[in-house]
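Please build the complete structure, drawing on both the sequences and the hints.
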Amino acid sequence: RKEVEQDPGPFNVPEGATVAFNCTYSNSASQSFFWYRQDCRKEPKLLMSVYSSGNEDGRFTAQLNRASQYISLLIRDSKLSDSATYLCVVNPLGAGANNLFFGTGTRLTVIP
Amino acid sequence: EAQVTQNPRYLITVTGKKLTVTCSQNMNHEYMSWYRQDPGLGLRQIYYSMNVEVTDKGDVPEGYKVSRKEKRNFPLILESPSPNQTSLYFCASTSAFGGPTDTQYFGPGTRLTVL
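Quick note, the sequences are listed as chains A and B, same order. With the first letter of the first sequence counted as 1, position 110 gets the number 828 in the numbering used here; the numbers rise by one all the way through. With the first letter of the second sequence counted as 1, position 96 gets the number 97 in the numbering used here; the numbers rise by one all the way through.
Read the hints as simulated data drawn from the structure, not as lab findings. Cβ coordinates follow ideal geometry from the N, Cα and C atoms, glycine included. There may be inaccurate statements among the hints.
Claimed, not checked - Straight-line distance between alpha carbons at most 25 Å, and here's what the computed BS3-like set of lysine-lysine pairs gives:
| id | chain 1 | residue 1 | chain 2 | residue 2 |
| --- | --- | --- | --- | --- |
| 1 | B | 66 | B | 19 |
| 2 | A | 763 | B | 72 |
| 3 | B | 66 | B | 18 |
| 4 | B | 18 | B | 58 |
| 5 | B | 58 | A | 720 |
| 6 | B | 58 | B | 19 |
| 7 | B | 58 | B | 72 |
| 8 | A | 763 | B | 58 |
| 9 | B | 19 | B | 70 |
What the hints assert, rightly or not - Among chain B residues calculated to face chain A with C-beta under 7 Å, some are:
| id | residue |
| --- | --- |
| 10 | 91 |
| 11 | 104 |
| 12 | 107 |
| 13 | 109 |
| 14 | 110 |
In structure tokens form, the structure reads like this:
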């Protein structure tokens with residue numbers, strides 16, 4: 719079983735739509751969780767960390783469900799510029815970034 | 002500007018010809034790592050380094066070497082490249098004790114093709 723699993727998509731949504739991605743992780747002791755964004759053929763960039771209480775950054779909301787071992791990313795009012803691949807990242811060991819596990823990514827295309 | 006640089010960005014080579022991909026960061030980060038990204042497999046860690054002269058294997062180290070003689074540089078060495086090492090490679094750095102609020106900074110990537 720993979721450490722981190724994501725639906726690869728693609729998700730094709732119209733501008734202004736709300737879209738949600740889920741990601742499941744296998745290690746129940748995992749400590750840190752992140753969403754990264756990766757544009758085509760570019761490097762991944764941190765979108766947001768995911769905290770136990772859930773957190774919001776503008777149109778983006780991240781949630782963590784430890785009981786079911788999944789994290790989610792909600793994007794409201796989708797923009798064309800949101801088109802990218804979203805990577806779910808889990809650090810099972812907490813402090814210390816030497817053991818990050820990356821999902822394969824969920825591709826989002828926002829259509830005019 | 003805080004950044005991670007990699008060179009070359011694109012490389013086509015032949016089986017068995019030794020090559021080095023350089024990586025440099027200007028953020029004084031202690032921790033650096035190399036990943037490869039393949040379709041359907043996501044990013045997988047090749048090697049990491051927690052400080053100068055301290056390196057360790059990641060998940061897919063076979064066929065690769067690294068060195069960390071200076072804090073800012075972390076080159077990836079392929080002594081005898083093979084076609085299954087054709088991939089997109091990323092170098093990354095972060096502060097030593099990464100946690101929920103710390104960020105991995107990635108280089109722009111090196112697209113390697115081994116014929």
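Consistency of the hints with the structure:
Only pairs whose Cα atoms come within 25 Å are accepted, and residue 66(B) paired with residue 19(B) is accepted, the gap being roughly 11 Å. With a C-alpha separation of about 22 Å, the suggested pair residue 763(A) and residue 72(B) falls inside the 25 Å cut-off, and the hint holds. Restraint check for residue 66(B) and residue 18(B): the C-alpha separation of about 14 Å stays at or below 25 Å, so the hint holds. At roughly 23 Å between alpha-carbon atoms, residue 18(B) and residue 58(B) fall within 25 Å of each other, so this suggested pair holds.
Among the hinted pairs, residue 58(B) with residue 720(A) is consistent with the structure: their alpha-carbon atoms are about 19 Å apart, no more than 25 Å. The hinted pair formed by residue 58(B) and residue 19(B) meets the criterion: a straight-line CA distance of about 20 Å does not exceed 25 Å. Among the hinted pairs, residue 58(B) with residue 72(B) is consistent with the structure: their alpha-carbon atoms are about 18 Å apart, no more than 25 Å. A C-alpha spacing of about 23 Å is found between residue 763(A) and residue 58(B), which places the hinted pair at or below 25 Å, so the restraint holds.
The hinted pair formed by residue 19(B) and residue 70(B) meets the criterion: a straight-line CA distance of about 20 Å does not exceed 25 Å. Hint status for residue 91(B): holds, given a least beta-carbon distance of 6 Å to chain A, under 7 Å. Taking 7 Å as the C-beta contact cut-off toward chain A, the hint placing residue 104(B) at the interface holds, the least distance being around 5 Å. With its C-beta approaching chain A no nearer than about 4 Å, residue 107(B) sits inside the 7 Å limit, and its interface hint holds.
The beta carbon of residue 109(B) is positioned within 7 Å of a beta carbon in chain A (closest approach about 5 Å), and the interface hint is therefore held. The closest approach between the C-beta of residue 110(B) and any C-beta of chain A is roughly 5 Å, which is under the 7 Å cut-off, so the hint is satisfied.
Figure legend: structure checked against the earlier numbered hints; every hint is met.
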